[in-house]
Amino acid sequence: MSNVQNAVIGTVRTVLGWVPSQWLPGGTPDPLIERRAAIGQQASRLDGPAKVSGQARFAADVAMAGLSYATLVHSPITRGRITKLESGAAEAAPGVILVMTYHNMPRLGIVPMIGGTNLSAAGNSALPTMQGPDIWYNGQVVAMVLAETQEQADYAASLIEIDYREDSAKTSFENAKPDSRAPASVLFEKNHVSIGNAEQELNRAAFKVDNIYRTPGHNHNAIELHAVTVAWDGDTVLLHDATQAISATASAIAKLFNLKNEQVRVLSPLVGGGFGGKAFWDHQIIAVAAAKLAARPVRLILSRDSVYRMIGGRSPSEQRVAVGADAEGKFTSIIHTGYSIMPPYAACPEPYTLGTRAIYKSKSFEIIQRYLDLDIVPNTFMRAPGEAIGTFALENAVDELAHEMGLDPIELRLRNEPEKHPISGATFSQHATRQAYLDGAERFGWEQREARPGARRDGEWRIGMGCASGGFPYVRMPGVNIRIELRRDGSAKISCSAQEMGMGTATVQTQHAADRLGLPVEAISFELGDSALPVAPMAGGSSQTASLSGAVIAGAERLTIELLRLAGNDSPIAGLRAGEVQLAKEGIASLDDPSRYESFRSIMARASRDEVTVTASGSPPLEMFKFAMHSSSAIFCQLRVSDVTGEIRVDRMLGSFDCGTILNPKTAASQFKGGMIMGLGLALTEETLFDERSGRIMNASLADYHVPSHLDVPEIDVIWTGIPDPRSPLGARGIGEIGITGVAAAVANAVFNATGTRVRDLPITLDKVLSEIP
Amino acid sequence: MIPFTYTRASSADEAASMAIRTGHKLLGGGTNLVDLMRKNVELPSCLVDVTALSDSIKETQEGGVMIGAAARNSAVAAHPLVRTRYPMLSRAILAGASAQIRNMATVAGNLMQRTRCIYFNDVAGSRCNKRSPGSGCDAVGGFNRYHAIIGAAPACIATHPSDMCVALAALDARIHVYNKNATRIIPIVDFHGFPADRPDLETVLEAGDVITSIEIPVSPFAARSAYRKVRDRASYAFALVSVAAGVTMRERTIDDIRVAFGGIAPKPWRAFRVEMALRGGPATQEAFDDAVEAELARAVPLAGNAFKIGLTKRTLSAVLTELTGDAR
Ligand SMILES: Cc1cc2nc3c(=O)[nH]c(=O)nc-3n(C[C@H](O)[C@H](O)[C@H](O)COP(=O)(O)OP(=O)(O)OC[C@H]3O[C@@H](n4cnc5c(N)ncnc54)[C@H](O)[C@@H]3O)c2cc1C
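Those protein sequences? They're chains E and L, same order as listed.
Under this note's numbering, think of the first position of the first sequence as 1, with each following residue one higher.
Under this note's numbering, think of the first position of the second sequence as 1001, with each following residue one higher.
Hints were generated in silico from the structure; no laboratory data involved.
Even glycine gets a Cβ: it sits at the ideal position worked out from N, Cα and C.
Treat the hints with caution; some may be incorrect.
[What the hints assert, rightly or not] Derived pair list, reagent style PhoX-like, types lysine-lysine, alpha-carbon separation capped at 25 Å:
| # | chain 1 | residue 1 | chain 2 | residue 2 |
| --- | --- | --- | --- | --- |
| 1 | E | Lys420 | E | Lys361 |
| 2 | E | Lys768 | L | Lys1313 |
| 3 | L | Lys1313 | E | Lys84 |
[What the hints assert, rightly or not] Sample of chain L residues lacking proximity to chain E, with all beta carbon distances greater than 12 Å (derived):
| # | residue |
| --- | --- |
| 4 | Ala1097 |
| 5 | Asn1103 |
| 6 | Ala1124 |
| 7 | Ser1126 |
| 8 | Asp1232 |
Produce the complete structure using the sequences and hints provided.
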């Protein structure tokens, strides 16, 4: 984002500061925070039975007559040019329908990129897709083969002969540092924050730590591979896609292929995991182009290898974190700087310093991120971009400082709890990190921890306990549109092109709509996953639930107005205005005098209507600018480290979360636990082996890229404060990403507590621990 | 994957007559071979399914155990004869792969499985002398945390990844191989080779050879034996280092001992020098340390795997301390 945008956001913030808070949406807390029936109830996911009985249809499962199958060929070189491309043998191979390369790929432009300015965009790469012979990164798609069967396509792909001229490539993290650039902003925040003189404060601090922390690249490994099934019908095209950006995918395809939005439909009712990796990439473009050229429906399922090669992951980082404290343990200096990779053609920065701006107060701050330009597949967002690895560095450093001071690390953190946002000075809408820590510490049995490293043993195993803070900002996206159809039989259908990646979106919004409309849960159906439904932004930034909730609120307001109009003058509620009534008990009732009531059925019967349909769009998320809105967590971990081998085995973990209202304990617990398990991978095993000599990812498979196995995952306990946020719909903030934050630091701190070894370089493998054990 | 044909062999003789033809490759559970075909590392034109060969697990006349080549890994690990007489073999098998893979994998396939070197597996982007002799090795200067510290050659530093074979090496197993009306018996320590100049030749098997069974002789080590595997994940990860060991004690002295290492060499590494150093001597920490020093004196660590030297020492020492514990 540009300086101009920074200035605009700054101005909006200043102006909002002058506006009385009642003005804002959420200024008067959402009444459903107090009055809820279905919300907050344990409820199983509505899609559960279909999934466990094999009925659920994912993008790669859709049957179609005349389907053809695609395989991709990737460049094995990093920079250069195709000098020879021989596809005759492939074209002549059995079953082959089409070989597509830059020679015959339709000429297409560049898709709009994901970003703060264009919420209808989901592009991850500003590089052209098979438009010419140039190679920009190792793994770039150079050819596609379409055949009658997947096996025929795979085989024919191996027959394509390509020669390359290799140019020198930028592949070394270290060597790229001198040419790093510091952008003006990182996502919505100004990049460089300098308050006081942090270096000077650090120098004269009574206690200080100052270290470099490293995190490796990570690849996306959703169980469901990226897949798209495409069919053209005349000049309209239908995509069954595995995407977390339905509307944006439809509009990207429309733009690229010169179609009107109505000519493109994207269906994605179920997605087998997204985590940031399933926005818009080359494969959708290639499949649509191939289906057009071949005049056949096309299925393109990426192999696991292809996912590694053409879908970006989390950038590696090198972070400096320094924290200085006075004799009482009050922070006087926080420095967080560093490097991550972000080629100019990528859209998604790795914002690892953003969390640091909101978590502790300090007399001085110095924060700035630098981007390195390497020739890699464009990096993208991955669960809790920024905070996942930023908290590893910061929360390791805080633990080091506590040890240095001989202070309990929780105590040190609580002494530096901010009363308001440490940088902007904005009021927190709700903030109970302290309670999350105290509740968590009690339930976990933190008092059993021995402060002295290596003090607890069980045979050859040294036992350690650690904790760390996590956090994630609240985001509500503008531009969520919704349709509500209330029927005379007492049922209602809510429609929105939102996405269901298995989180329980439809389930929770069904619960919400029931309470919001005053209907029983069984009366609600929630329709999503289709670009033909009212437009919604992509699911990302843990924002979908709040964003959809805001839209449902807006829809209910519209519906109320419409029903009051229909009720007319012969109704017990005649003369009441929208602000004076609520939807309850399958009808409308006066807030002041609940006996003034008329049922939906009666209103609609009198008006001779079978249904009332309204559309609405969520209000602009002004609350985000007026208040500091952040979720926080306290993560606890107990583990064992073998004295003999350095092997680390985690015995138990607890996450204590402060995320506002928990809308459904079951789906929420799954999100938290899933995030924490991913955090374990981040801490202990996950690492993209990027060979800097070649620019190639070497462990592009689940056998070689280690995500946690069942036996690596211990018992995980999750609790929450459940304190509603008075400034958000339903009092809820997002919960999808926060689970992963803080986990790597809690593990690293527990390893230190067990062994006295401080590992500042992820993943914490046994060799790193072993080197320090005598 | 390239197109191939598939056929089943109903006897060792039939299998041998087909195996000798060019492009023909024997198929066990397929858990390794089919993966490698998908990656275009292996390019057979015909798969000869040999799962119909014997899968029986029987006591031999000498009191050992004979395991048919087609016996599934999980069946071997669970068999009472194996569990009581060779507990380290059961443990080694169960430490490998996943339950699903063990259910498919045959013991012959396990013996013959190929290295997990990530450069070996990368046909499109990496050089590998094992895949194409003389082309070079990208592992030497690359990611070699999982690679060999002993017995390797400049041309190839890949390890043999099997857990089962490490226990078999410690147990002096004998591999029965059939070819042209004749069966020969190959001691496991001679079965796998050193890479030297031809890392593509991994075993002593020749064209047309079919493994028919694995024989494990009587072993006095059941009571005091162990298999310990050190790995990055708690399960479903290959060994960084593994140790198979068995001892018999005479009071406080080690009467006899068998030790083999996994994860550190191009073949299951029988530690003869360790055995020689400890046989007839005291079971002390110093003795263990000296013994392993002698074994690893020739180790050649690389940038990514130097830690394995210390790790091997520590792991062996811990295993032997435990095995000789109550006798000390
Ligand atoms: C993800 C993953 C993780 C794994 N983890 C481990 C682990 O931790 N530890 C471990 O030890 N192993 C591990 N394995 C490897 C596994 O043990 C082997 O894949 C398996 O043992 C091979 O047996 P198979 O019957 O499937 O062999 P196949 O794949 O069928 O064949 C392998 C080779 O054996 C040859 N062959 C088969 N039968 C005969 C015969 N009768 N005579 C001569 N040659 C024959 C084949 O021609 C082929 O070359 C893992 C595998 C995978 C895929």
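Verification of the supplied hints:
1. E:Lys420 - E:Lys361: Between E:Lys420 and E:Lys361 the Cα gap is close to 8 Å, so the pair holds against 25 Å.
2. E:Lys768 - L:Lys1313: holds (17 Å)
3. L:Lys1313 - E:Lys84: violated (53 Å)
4. Ala1097: violated (10 Å)
5. Asn1103: Nearest chain E Cβ is 16 Å from L:Asn1103, so the label holds.
6. Ala1124: It is violated; L:Ala1124 is separated from chain E by about 4 Å at its closest Cβ, not greater than 12 Å.
7. Ser1126: Label violated. Min Cβ-Cβ 8 Å, cutoff 12 Å.
8. Asp1232: violated (6 Å)
Going through the hint list in order, the structure does not satisfy hints 3, 4, 6, 7, 8.
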